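Novice: Chain residues, written in single-letter form:
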Amino acid sequence: VMFYRLLSIVGRQRASPGWQNWSSARNSASAAEARSMALPTQAQVVICGGGIMGTSVAYHLSKMGWKDIVLLEQGRLAAGSTRFCAGILSTARHLTIEQKMADYSNKLYHQLEQETGIQTGYTRTGSIFLAQTQDRLISLKRINSRLNVIGIPSEIISPKKVAELHHLLNVHDLVGAMHVPEDAVVSSADVALALASAASQNGVQIYDRTSVLHVMVKKGQVTGVETDKGQIECQYFVNCAGQWAYELGLSSEEPVSIPLHACEHFYLLTRPLETPLQSSTPTIVDADGRIYIRNWQGGILSGGFEKNPKPIFTEGKNQLEIQNLQEDWDHFEPLLSSLLRRMPELETLEIMKLVNCPETFTPDMRCIMGESPAVQGYFVLAGMNSAGLSFGGGAGKYLAEWMVHGYPSENVWELDLKRFGALQSSRTFLRHRVMEVMPLMYDLKVPRWDFQTGRQLRTSPLYDRLDAQGARWMEKHGFERPKYFVPPDKDLLALEQSKTFYKPDWFDIVESEVKCCKEAVCVIDMSSFTKFEITSTGDQALEVLQYLFSNDLDVPVGHIVHTGMLNEGGGYENDCSIARLNKRSFFMISPTDQQVHCWAWLKKHMPKDSNLLLEDVTWKYTALNLIGPRAVDVLSELSYAPMTPDHFPSLFCKEMSVGYANGIRVMSMTHTGEPGFMLYIPIEYALHVYNEVMSVGQKYGIRNAGYYALRSLRIEKFFAFWGQDINNLTTPLECGRESRVKLEKGMDFIGRDALLLQKQNGVYKRLTMFILDDHDTDLDLWPWWGEPIYRNGQYVGKTTSSAYSYSLERHVCLGFVHNFSEDTGEEQVVTADFINRGEYEIDIAGYRFQAKAKLYPVASLFTQKRRKDDMELSDLHGK
Amino acid sequence: MTKQRNLRIPVRSSSLPLFSDAMPAPTQLFFPLIRNCELSRIYGTACYCHHKHLCCSSPYVPQSRLRYTPHPAYATFCRPKENWWQYTQGRRYASTPQKFYLTPPQVNSILKANEYSFKVPEFDGKNVSSILGFDSNQLPANAPIEDRRSAATCLQTRGMLLGVFDGHAGCACSQAVSERLFYYIAVSLLPHETLLEIENAVESGRALLPILQWHKHPNDYFSKEASKLYFNSLRTYWQELIDLNTGESTDIDVKEALINAFKRLDNDISLEAQVGDPNSFLNYLVLRVAFSGATACVAHVDGVDLHVANTGDSRAMLGVQEEDGSWSAVTLSNDHNAQNERELERLKLEHPKSEAKSVVKQDRLLGLLMPFRAFGDVKFKWSIDLQKRVIESGPDQLNDNEYTKFIPPNYHTPPYLTAEPEVTYHRLRPQDKFLVLATDGLWETMHRQDVVRIVGEYLTGMHHQQPIAVGGYKVTLGQMHGLLTERRTKMSSVFEDQNAATHLIRHAVGNNEFGTVDHERLSKMLSLPEELARMYRDDITIIVVQFNSHVVGAYQNQE
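In order, the protein sequences belong to chains Z and W. Going by UniProt numbering, 111 is the number at position 111 of the first sequence; the sequence numbering is gapless. Going by UniProt numbering, 516 is the number at position 516 of the second sequence; the sequence numbering is gapless.
If you're looking for bench data, these hints aren't it; they were derived computationally from the structure. Some clues are possibly wrong.
To be verified - Pairs of lysine-lysine residues, derived as DSS-like cross-links and limited to a Cα-Cα distance of at most 25 Å, are as follows:
{"hint": "1", "chain 1": "Z", "residue 1": "Lys745", "chain 2": "Z", "residue 2": "Lys583"}
{"hint": "2", "chain 1": "Z", "residue 1": "Lys310", "chain 2": "W", "residue 2": "Lys119"}
{"hint": "3", "chain 1": "Z", "residue 1": "Lys854", "chain 2": "Z", "residue 2": "Lys717"}
{"hint": "4", "chain 1": "Z", "residue 1": "Lys518", "chain 2": "Z", "residue 2": "Lys717"}
{"hint": "5", "chain 1": "W", "residue 1": "Lys119", "chain 2": "Z", "residue 2": "Lys317"}
{"hint": "6", "chain 1": "Z", "residue 1": "Lys353", "chain 2": "W", "residue 2": "Lys474"}
{"hint": "7", "chain 1": "Z", "residue 1": "Lys499", "chain 2": "Z", "residue 2": "Lys518"}
Stated by the list, open to error - Derived Cβ-Cβ restraints for the label pairs, each shown as a range:
{"hint": "8", "chain 1": "Z", "residue 1": "Lys490", "chain 2": "W", "residue 2": "Glu225", "range": "47 to 57 Å"}
{"hint": "9", "chain 1": "W", "residue 1": "Pro121", "chain 2": "Z", "residue 2": "Leu250", "range": "18 to 28 Å"}
{"hint": "10", "chain 1": "Z", "residue 1": "Thr428", "chain 2": "W", "residue 2": "Gln431", "range": "21 to 31 Å"}
{"hint": "11", "chain 1": "Z", "residue 1": "Leu250", "chain 2": "W", "residue 2": "Ser109", "range": "38 to 48 Å"}
{"hint": "12", "chain 1": "W", "residue 1": "Gln431", "chain 2": "Z", "residue 2": "Leu250", "range": "28 to 38 Å"}
These numbers come from a predicted model, not from an experiment. Even glycine gets a Cβ: it sits at the ideal position worked out from N, Cα and C.
Whole structure, please, built from the sequences with the hints as guidance.
Specialist: Laid out in structure tokens, this is it:
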């Protein structure tokens, strides 16, 4: 029944094409009102939101065989942001996962008309991204390299070629451009209706004018939804409520934090040109001018992302604000100026309308998808950062896969709801942050960019001390971490000037910090790491951990084990270090942004009613990393305890006193492969211990260091990092960590079967270290991450991270090597031989640099020769 | 010293004609083409007229800008530590070759020296207060400034108090009122149980419930010395409130509470001066407070209930945004001065017919005082006997002071002056965006409609009269672009100010005839030497309270 109704809506819309019909959607939907259909009392899945996201999820779920689905829309289908969307489908995205989603969407929308019979207005126009500066061109070239390797045609073109492709453009100030010929424009409202109609044909029940009041939860599991038309019991709830997703999340019985916030967004519609613009005219993105321009009904549609956005709906849905959404010409003035500079001939073109359609933004400019860490069965797909149309198809597919198969076919950690916690959910934070995010849409994206708003939320107790000593800060998961320390006599560039794709201004500063780590001792505040304690009365803690982790944790008390928390596929859900504090208690250190994800994973897999105690102690400890050959001297002087490797072997943990402070957890590891210790200090002692370390360390040449030095030290030793290099689709075998897996530890663990199989069959990708050979650090573009890797001229994978090694005096990149069959493109087994017998090149923004591939770290970096003058009498003692 | 002063007075008086000639000087001064040399000439002349004010209490000065026509001796009374004559003369000699131009940063540092902003804390974005926050600022003309301001949140009841106080004959009274009045109001608003709890805590030496959370600029000081004395008076007040309570807890009426608090404080000020204090410093202080005066304009905002209590000629103005986006001003207070017919009527009714002509002369109370209601000013409240008795038994400084000894002419049936406020109630609506409380220094220079428009445009970030809408008109991109560029260039100093009150002062002092800020004019006005500044402007004190339309709207919807 629903299907026919939808068709009638669409049919009516077709009758009067153009802007007017957008508002006529109101009238057409009222036809449905006549049918008062009672809601079903139960369903497997309830989707809230009839925009492009909700309909796409419904479409894909129903395609994958789930039939018992109800989609609820508070107003009319494809209203909201979907209705007002500018209709540009663009695949040129910064993240590979986003490129893939957009590419899939493009292909899906392309064939949608054929599949459903509903016209979507899909027109392949191509798009042109203009560069007014060399830096912008580099940025485009980087995207171009990456688009090409995933099969999306694109090319860098000259200004002259741009003028040929679009005759209205002023190209005099351009240095180049990128042309993506297969990008398209499409009516997003019609796409949503087509998806809805296809879903409806597959059995999805769609109800409009039905508001979800709240989501019912029992024992951390979705049980149903309460709507204004009655209750529906369900196992899965999908929040696709767009800009209302935040509020809807909070209205669940167990609040779900979905950090997003709307900003007003303006675009201009004009009447047709004298010679109406052809519908195939390419879309223009002039990021330096902050605008986009597409053809629309013979005229143009042009909007942009201004520097001074207007956040809206901070206090939630507000009828007053919705009604007051007005054209704000004064606000639009800079964008209009930019448009007329780009297309001077438009001066005489008549204005039709300035549209104000709020768009939703997230704290890190990436969309939000996945399952709530707190409520099982509660899925979210929202926060599209104004790319809802481009991502809609792909994002819907991934979310449907997630629900049906337990995880998408691609790694989507970058988009996972669990990368955020409640800490990003303050309305004030979101309001301030999105005001930075929205302009960032068209700002130049350079390596090592840090958000400037919403900062200093979580800090170590040493923050002020370090700041006074010249610390420059970056933020991870709300936590301030020092990047490096600017010496008093040194000045760095201002923020805007420091943006570069080349050698950064802090190069020498970090070099001296690295050198100090190698030759003396440095202290790095690493308090941001996620720290859990797992304790039990009996052996349950050990049993659970043995089941959850791949390495053998039944080690003597005081030992530290590097291990992975794997999923069924053998991929890393988390990579951590676990210290056995005593027989029944373990201390677990994970990456900073694992706080929510790891907690949710542990909670999900721990037996419910056991006397296991899992505690997040992140905030209880300040962590100082003492790196360097002299760390041992500093510590022994402060503790009056022998700290030599014989007394304190590597990967060992002891509670001891440091200075006056007792109960400091000292661990002989540094996360860098350098000698030294991590000190986990109860926060009230932090300042004391720090002061003691610094004053005693003085004679050993101690200094502060930051994460940039740490990163250089880590990457040069091939230490992969979860979230950057490895993720839940990477197994230990694929990154050379066989030694961290104990397949025969006497009991089963999650992922064991997959690893056994992989061990037998071999791996299909392999994390490899590349040392750039012919790369000039001073003059060439620096690698970042995501650069394509070529083996014997063939694309084999992408880099995941990179750093300059001050010891090797070379750039080091980490990245995965695949073995694609030359004939079919299918993935084949990657052997050590395959890797070793290749000639490699890394493509940085279109320039290829030769690279040496290594499967194991450079041994010379690890040798810790003791110098003659370090020898002492005690070395002669019998042990 | 006295001798010297007496000697000089006639000399200055002789320049009386010059003074009347010089009166148009202010308008000349701002004529844009004026040269430096001319300026210094006018400046010199102006110095004379300044002296004139001090030495003659002549009622023939027609447009005196001083609210209080002072008596010569009075100068020493209100600033006991300075030798006024040497002070002004020294300045005069030094001033001749002075340059008047200040750079924009210098101007800003002067304008921003006293600015203060308070944002009501947001609790996870859910701001439950109908007030978003307030901006306040003041610009002195007197040295030291005689205006005061206060802002505080009531902790034991809901609501926020904001007030501006314009002192005259010194700053002692406005200072005391700014410190004390809100406590009197807060106490008046407290329920019986809370009063009891506080009294019991005092009795048993326990920690007291805090009553007010002050929001103060660092320059807004409280007198430490008088704190104990003030507390005792306040305590007596609440003890009386406790005794008066009959046991039935009735809803406290805000209007009544405000009136009681004003009257009670003024009464206490008067009593303290009559009783005196064994501590000679305090004794002198309470007398200075009582003999000087202050007007008060106080707003109490609790949810959608806005009460304004006004005594004197400061003003409370509501900024209302109409549906078309334009701004209109709604006055929430009446000035108590000669321009107010009802006040004239009141005064005539309160005194015998025989005084009908003398009670208000030259638009002043008894020919002396501009505001018709005020705190302090016991010279207009006490009987002649009482005045004489207090002065005689008072400290020598007081006894030597000719001003205090001076009894106003035609002083037959005191009191002539009251501190009782007129209370206005307004129920906030979503279109009520802000409230401006300001001393007459602002209202003298700017029309209320301009005040509201400037603040409104500042707060909404819309610096143009009307938003542009294309509507059904045929407009090309080029035409629109031209229009917008023009509007943007018109945008003046808005972005220089982070504080609405500062922005308003910038306009009040720097506006040219076209209603836009003229830097040259602003710079001249701000570089006037202390003793001259008062000739061209009064102290200006402004508080701009911004309302939260969403919260106000929500209140409305609840009903």
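Novice: Each hint needs a verdict: does it hold in this structure or not?
Specialist: Verification of the hints:
Only pairs whose Cα atoms come within 25 Å are accepted, and Lys745(Z) paired with Lys583(Z) is accepted, the gap being roughly 18 Å. A distance of roughly 19 Å separates the Cα atoms of Lys310(Z) and Lys119(W); the hinted pair therefore holds under the 25 Å criterion. For the given pair, Lys854(Z) sits about 11 Å from Lys717(Z) by alpha-carbon distance, which is consistent with the 25 Å threshold. The straight-line distance between the Cα atoms of Lys518(Z) and Lys717(Z) is roughly 13 Å, inside the 25 Å bound, and the hint therefore holds.
Between Lys119(W) and Lys317(Z), the direct Cα distance comes to roughly 23 Å. Compliance with the 25 Å bound is thereby established for this hinted pair. Restraint check: the Cα-Cα separation between Lys353(Z) and Lys474(W) comes to about 11 Å, which is no more than 25 Å; the hinted pair holds. Of the supplied pair hints, the one linking Lys499(Z) and Lys518(Z) is violated, its CA atoms being roughly 29 Å apart against a limit of 25 Å. Lys490(Z) and Glu225(W) have their C-beta atoms about 52 Å apart, which keeps the hinted 47 to 57 Å range intact.
Between Pro121(W) and Leu250(Z) the beta carbons are some 20 Å apart, a value that agrees with the proposed interval 18 to 28 Å. Checked against the hint of 21 to 31 Å, the C-beta distance between Thr428(Z) and Gln431(W) comes to roughly 26 Å, which is consistent with it. Between Leu250(Z) and Ser109(W) the beta carbons are some 45 Å apart, a value that agrees with the proposed interval 38 to 48 Å. A beta carbon spacing of about 29 Å between Gln431(W) and Leu250(Z) agrees with the range 28 to 38 Å that was offered as a hint.
Checked against the numbered hints given earlier, this structure breaks only hint 7.
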